[in-house]
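Peer 1: Line by line, the protein sequences are chains A and B. Its first residue numbered 1, the first sequence is counted upward by one per residue in my numbering. Its first residue numbered 1001, the second sequence is counted upward by one per residue in my numbering.
Misleading hints may appear alongside valid ones.
[Unchecked claim] On the chain B side, residues computed to face chain A include the following (Cβ under 10 Å):
| id | residue |
| --- | --- |
| 1 | L1071 |
| 2 | V1305 |
| 3 | G1310 |
| 4 | G1320 |
| 5 | D1329 |
The hints are simulated quantities; they were obtained by calculation from the structure and are not laboratory data. A quick note: this is a predicted structure, and the numbers were derived from the prediction, not measured. Glycine included, C-beta positions come from ideal geometry on N, C-alpha and C.
Number of protein chains: 2
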Amino acid sequence: MKIQPVIMSGGSGTRLWPLSRKARPKQFLNLVSDKSLFQETVLRLHDGGEIFSAPLIICGRGHAQLVADQLAAIGIEAADIILEPCPRNTAAVAAVAAAWVAENNDGALALIAPADHHVEDAAGFRRAAAAGAKAAEEGAIVTFGIKPTHPHTGYGYIQSADELSRGVYRVASFREKPDAKTAADYLAKGGYYWNAGIFLYHPKAMLDAFAAHAPLIAEGARKALAASAAENGARLLDERIFSQTPSDSIDYAIMEKTDKAAVVAPVDVGWSDIGSWSEAASDPEAAGHMMVDSENVTLRSDGPVIGVVGVDNLIIVATGDAVLVARKDKAQEVRALVDELKRRGREDLL
Amino acid sequence: MKIQPVIMSGGSGTRLWPLSRKARPKQFLNLVSDKSLFQETVLRLHDGGEIFSAPLIICGRGHAQLVADQLAAIGIEAADIILEPCPRNTAAVAAVAAAWVAENNDGALALIAPADHHVEDAAGFRRAAAAGAKAAEEGAIVTFGIKPTHPHTGYGYIQSADELSRGVYRVASFREKPDAKTAADYLAKGGYYWNAGIFLYHPKAMLDAFAAHAPLIAEGARKALAASAAENGARLLDERIFSQTPSDSIDYAIMEKTDKAAVVAPVDVGWSDIGSWSEAASDPEAAGHMMVDSENVTLRSDGPVIGVVGVDNLIIVATGDAVLVARKDKAQEVRALVDELKRRGREDLL
């Protein structure tokens, strides 16, 4: 069994403003540990070549150097780095990945994973991947159903059906982000899992699914890859072709339509998508911030020293040109600030 | 009648950190209006030469250029700028002022005022000064008793005795910062006023008081002024002499001992010493900060854009290298952060 890791690093992470910026989005920040989420993801899918091949990275055109630097810092060499000339959402990335693996890593399964998630138990995740591999080799498109710890309304859910093999189920349905009541119902009923947005598949299975459900995306992805050109030590997808490829999520374009969907569940590995500041950790003590008469405050800075007096339940994020102060349970609304900056044309702060 | 304004600009304003720094302390910041407190103070004691002469500025050695620039910006020329080679507190400044006025503005009264206070009604304050001038010409050392609006525990109080002339009283006693109960008693009894730290006197009256109560300070001040040297378009007090002059406040050294103290009261001009961030105003809207679902938040920045989400009752102050977030009623405790920075040797942030 061979698994080809494909790291999707094209996200923007606007809810992690002001630390997350276009030039250095969320996945390239050290939000949870002394490694970036991207580095954590690469290392999570690395086992010294036993099952996992060297990673394929797919990222935004502007991040080629950042990716190269962050890989070098952890001593990992990529199999290839593919640059997106423009964002085309996850369906096109999955199709590019399928085409690349079919051509470059014969017989391997593709495991595509967002670069901006955190997983506590990396070995546990690799075991979950191995558990799904047999179903994938038999043609299933395997998803990973995270064991829900609470009725989170910010995640999509996967409902499982009958068991295909030990710990792997047919998917009954994909559910979009639920309201609080629906989420509570899911947890009470059982058999509903958080959709981690990670997929394991044989290239042929995915390309067949694309042929059936989204042929234009598959064709655009294949041609853009075939016409790619070397740039900054990476491979730039053809801009004219890729920009005309339809933009859609893999969930909508394929997963909700195919009858090949399977789910490994429950996956209990301490997974989080670090969707907002309320899920990130404070800078370590060493960062030199100062707290007086304060508690339950998350402090992040890329330079400025932060001093707090008499406050609680806050997230404070400081950069040299922007500062965020948000109540912890309002961290999702940081997006409104980013929208306001866009309206004002403050590209310098985005 | 002539009055010589003397602007005491030597303060450090640590409770206004992180905007107030050694290189640009509180009095040189635009905290309440589009002018600095220093500029406001100079203009408050300016009437086109009718009663008030051109100001004498006494400031720290490092601020000569800042003072010159801020005076130029409001089109005021100083009579003289005296630089302190080291801080020696207000008694030495009052003695320097008396010696300078005796020598350079014959027959004028000296009005010495801290540069870091705010007064809403400048014309009202000039009327109060004129009201105290007769007593000062007759030998009184005149203070200004601000009409208290609430039992503030951060100010000293002046207790008035019998009336000397209309609106001018002998001082019964000076009271240090009271506890809350005592402050409430003062307001209930009446005849107690906030001590604004502003003094009006004839140079001879003050020099006589120094001769009686603090001769070493008077001698040091006189000699340091006589031995002063030109520096940066100003006059630097002799460092060796001034550094050996005793350091004391004018209140302790003179006012609590002399029987010449008088008080103009009640002075009702919207006075505040802007002692902490809770008394400062927000940046104007134009500064481009963003508030979502928040209220009663004071925002100050010398550059960084501030975005707040879901918070209230906060003071947020941002600079490129330091950020303060404090609950409004804890703003006094900012001093603890500054003390901590000193302990850590973070001179770059002080």
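Peer 1: All hints are to be evaluated individually against the structure, with a verdict given for each.
Peer 2: Quick rundown of the hints versus the structure:
no., hint, in the structure
1, L1071, "violated (31 Å)"
2, V1305, "holds (5 Å)"
3, G1310, "holds (3 Å)"
4, G1320, "holds (5 Å)"
5, D1329, "holds (7 Å)"
Violated hint for the displayed structure: number 1, the only one.
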